[in-house]
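2 protein chains.
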Amino acid sequence: MKLNIAVLPGDGIGPEVTDQAIKVLQAIALEFDHTFIFKQASVGAIAIDETGSPLPDATLALCKQSDAVLFGAIGDPKYDNNPNAKVRPEQGLLKLRKELGLFANIRPVKAYDMLLDKSPLKKENIKNTDISIYRELTGGIYFGEKKLNDTETVASDLCEYSQEEIERITHLAFKAAQTRRKKVTLVDKANVLETSRLWRKVVKQVAAQYSDVELDFLFVDNAAMQMILNPKQFDVILTENMFGDIISDEASVIGGSIGLLASASVGNKHAMFEPIHGSYPQAKGKGIANPVASILSAAMLLDHFKLHNEANMIRLGVEKSLQLQITTPDLNTKHENITTDKVGNFIEDFISHPK
Amino acid sequence: MKLNIAVLPGDGIGPEVTDQAIKVLQAIALEFDHTFIFKQASVGAIAIDETGSPLPDATLALCKQSDAVLFGAIGDPKYDNNPNAKVRPEQGLLKLRKELGLFANIRPVKAYDMLLDKSPLKKENIKNTDISIYRELTGGIYFGEKKLNDTETVASDLCEYSQEEIERITHLAFKAAQTRRKKVTLVDKANVLETSRLWRKVVKQVAAQYSDVELDFLFVDNAAMQMILNPKQFDVILTENMFGDIISDEASVIGGSIGLLASASVGNKHAMFEPIHGSYPQAKGKGIANPVASILSAAMLLDHFKLHNEANMIRLGVEKSLQLQITTPDLNTKHENITTDKVGNFIEDFISHPK
Ligand SMILES: [Mg+2]
Ligand SMILES: [Mg+2]
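Residue numbers (the working numbering), protein chains in the order written: chain D, 48 to 402; chain Z, 48 to 402.
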């Protein structure tokens, strides 16, 4: 397969972790006979410095022409801590998501055996947890009409969803479940909300096209409990924008390290892959940034193009690195001086010389 | 102090746990020289059986004349599992809350030293957790206008809040904080929602009247993480209806047992106190129902009338019972045959003969 990949390393540790993801993707291309063409462009604070805009036109054009976007991280204290700043790095990311029509946010949550002790939850409750959360990203109450009356004493926010908005992400969630443990849990509040009742109706209709996938339902308040009590019960979670925001952030602490968490944002034509973590400017250039979230974003990119064997090879490499504690200092209690680069090299080498 | 208390035992284990709460309140009355007058009335499935209504007029009238309502639990499989049932026990509770104008739901969450092992969270993360969650109960998206278009392809729910709705619960939360660790955390999503921005503005204004209480802010998605990572940081949490539903249910699993969780629902004129747990019909009459949630509801009742020493005496009795494992089988690994009644008797005795 030939893929044009736009690389937007961004700020802080963005470039150094993205370098490792590229390294790993190049090893996959060689090993599996694909052609991945990487073109870099600037975004975030560095783009403001260079062009005045956090998302220069050339960057947006490159992303639109590419098959996928590999994103690093953005944010710089120079803008974040300046209340007079007129443009902010984060605006680049929001505009990019909107311009590319990315309507589904995908967040995998996995409890790695080697890291069970790092979780705030008890080992026995989280062992074997492996969840993929599908959150609707462009609708619902975050984007609905906002009102404030003249006396500023009454405010409102409208939560609205259409059948079409629900259908498109539901298909993605069910297709993903088919490649996993074949179960989708819709998280809603259908006992109270009209939008949730529409979600249930539409999701049930779509589910009829995927007879091999089991569908169940959970109210969001109960889901917030179940995520702590028994996260292993979940395979694919499907939910609307705000519930997804809350539940995916809650779930993000299960694994015990934010340095491992990747995400994808997907639309009909475009897709973007990025770590959950921020630009961590204090760590920039020190070789201590954990590249695994970025490397796992690359695996999600491959999954998106149905290159599941290739994606799994990356995941095996990551697990091997965790097993042998070839990890950056945030996770390492055994070895000193394992740098960002060394972790990337280990996983690259694992792919090039699989055992 | 003289208090008229309406007692609504309800269904299942409701009557037997409520009996223990009354026993304990009577011991408090004797020891502290108060007069508590208890009058019983029926609610729930038993009221449907007797009168056809889950909230008979006589019951509502009694509640309106009383200073407080002590509520047991409602629900019966005979109605719950019958799709043709026209009246349901739960309607009695919803109507009662509405008729009494109960706009604030208060849920304490405490990690008892003796039960740390029962929590799904690691001991060291939850030890000393002691939170009181103030959830707005009659406004927001659960009660806003609901719409579904003619083709049933677009649905919406309106989240609306007024200054007055926010002010009244905010005063309750700050007054509670003054008797505790003097910190209120407002959970909202003010970076996105207009209603959250109104909450922030109004809460800041009210906070100015409570200079001894610290106020901070947390986005709801971050709060869902912090509740797992570091619940000890919270004293009083103040939040709107839906966020409160999600966060309080999430927090309810921290303590490791739902049999200990009490709640209050408070309005301008009336107040109701009840365990979180349901009617647990399978356990009815077996003497295995944990009465502690109901007994702690009685302590909340006393707090509501500023009888804090009395409330603390009950809490000390509960802690002593946990320490000595004078607990029902759900929590007991040491003694057999400690019944609902024996737990009530122990705490009654602790109050009558404090050591
Ligand atoms: Mg979030
Ligand atoms: Mg709830």
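Rather than coming from a laboratory, the hints here were simulated on the basis of the structure.
All of these numbers come straight from a predicted model, not from anything done at the bench.
Some clues are possibly wrong.
It does not matter which identical chain is meant; a pair holds if it fits inside one copy or across any two.
Result set (PhoX-like, lysine-lysine): computed pairs, CA atoms no more than 20 angstroms apart in a straight line [stated by the list, open to error]:
1) Lys-251 with Lys-222
2) Lys-248 with Lys-316
3) Lys-125 with Lys-230
4) Lys-248 with Lys-193
Cross-check of the supplied hints:
1. Lys-251 with Lys-222: Only inside one copy: Lys-251 and Lys-222 sit 15 angstroms apart there, 47 angstroms across copies, limit 20 angstroms.
2. Lys-248 with Lys-316: Cα proximity of Lys-248 and Lys-316: none, with 26 angstroms in one copy and 41 angstroms across.
3. Lys-125 with Lys-230: neither (45 angstroms within a copy, 32 angstroms between copies)
4. Lys-248 with Lys-193: Answer is between: at 16 angstroms across copies they meet the 20 angstroms cutoff, but 27 angstroms inside does not.
In this structure, the hints that do not hold are numbers 2, 3, in rising order.
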